[in-house]
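Visitor: Chains as they are written, first to last, in my numbering: chain A, 132 to 310; chain B, 132 to 310.
Since the hints were derived computationally from the structure, they do not count as laboratory data.
Some hints here could point you the wrong way.
Note: identical chains are not told apart, hence a pair may lie in one copy or across any two.
What the hints assert, rightly or not - Quick list of in silico lysine-lysine cross-link-like pairs, DSBU-like style, CA-CA up to 35 Å: (1) K273 to K288; (2) K288 to K305; (3) K137 to K273; (4) K288 to K308; (5) K240 to K288.
Protein chains: 2
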Amino acid sequence: MDHAIKVSVFLGISLDGYIAGADNDLSWLSAVETDLPEDTGYNALMASIDVLVMGRNTYETVLTFGFWPYEGKQVVVLTSRPLAPLHGETSFNGSLRELLTELSARGLKHVYLDGGNVVRQGLQQQLVDELTLSWVPVTIGKGVRLFDGDMSMNHWKLTSHQAFPSGLLQGRYKFDKAM
Amino acid sequence: MDHAIKVSVFLGISLDGYIAGADNDLSWLSAVETDLPEDTGYNALMASIDVLVMGRNTYETVLTFGFWPYEGKQVVVLTSRPLAPLHGETSFNGSLRELLTELSARGLKHVYLDGGNVVRQGLQQQLVDELTLSWVPVTIGKGVRLFDGDMSMNHWKLTSHQAFPSGLLQGRYKFDKAM
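Next comes chain A alone, as it looks inside the complex (with noise of 0.2 Å):
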């Protein structure tokens, strides 16, 4: 990694590969919902972070959610287009990797890229450090691949796993090397 500011990606994924389905539902992923939500650490990433990094496509649609589930966190925006904060986030027009560099010199410590294109962006150019997979029981049969396009070879460090009683299987992956 040539910058340093920790960057981390934690996505549910089906067997097959899809963050998506087709038309962007989301309604697979109710397989994996239990009575009571299990803890995937997604809470304790949220904590450690100081700042959220999504595309404009993702920042819409959780406008749409009628919430803002990121209270409290700086939220930068990656966009050309102007846009009207609505509660403190920022935008940015340029790459990722732009970003990153101009965080990094703000001293912020760690990010985390959220909606697939950043996250597919953040993963072509090997700008992920932290990769975390949480694999849920289904094929979908087609979507939205989480991998697309011209992706680097790389080597990935298995630091920890865990299994849920609902099938879910994640994976924590720090990034090794190119290989």
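Given chain A's structure and the hints, the job is docking chain B onto it.
Guide: Structure of chain B alone, referenced to chain A:
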């Protein structure tokens, strides 16, 4: 499943969903090679099956190995072209589903599907009962995907999991139901 014979799949897969790299490169599998081979359960599975089914491409590749790894096992090659058996293997000109019906009628109880094409066909047609995926801790960027084309939407039950010192993370799944 609409067949009496148990159908198992056991595959190594990259984090980004490939079972072979560009030009069928398999060198990335060396990422999980260790001095003492790890017991991933492959040998136990092989000992439990009656018959292997593979496609013509996989068969031709195996022939280049210089040795026959399936000694003592029935092997059926799905192919429409003539085949000159060298090790007692037989050929079947028809669909995987038809073959499974025939194998079942012959009293066989457990089949192993080998090779991307046949496995993909089995998954697409919901013929697979047991799916063991061993995630190799690499992203390879391009190649032959395990899950490709029109797959159906299915729920699987995680029956066990295991991580290995090499960083291999294995999940064993049983077909549960169509979603």
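Visitor: All the hints need checking, so say for each whether the structure fits it.
Guide: Against the structure, the hints come out as follows:
Proximity of K273 and K288 under a CA criterion of 35 Å is satisfied in both settings, with 29 Å inside one chain copy and 20 Å between copies. Both within a single protomer and between protomers do K288 and K305 lie at most 35 Å apart by alpha-carbon distance, with minima of 5 Å and 27 Å respectively. Proximity of K137 to K273 under the C-alpha cut-off of 35 Å is found in both arrangements, the shortest distances being 32 Å within a copy and 26 Å between copies. In the homo-oligomer, the alpha carbons of K288 and K308 lie at most 35 Å apart both inside one protomer (9 Å) and across protomers (33 Å), since each shortest distance falls under that limit.
Taking the shortest alpha-carbon separations for K240 and K288, only the intra-copy value of 21 Å comes in at or below 35 Å, while the best inter-copy value is 39 Å.
Consistency note: the structure conflicts with none of the earlier hints.
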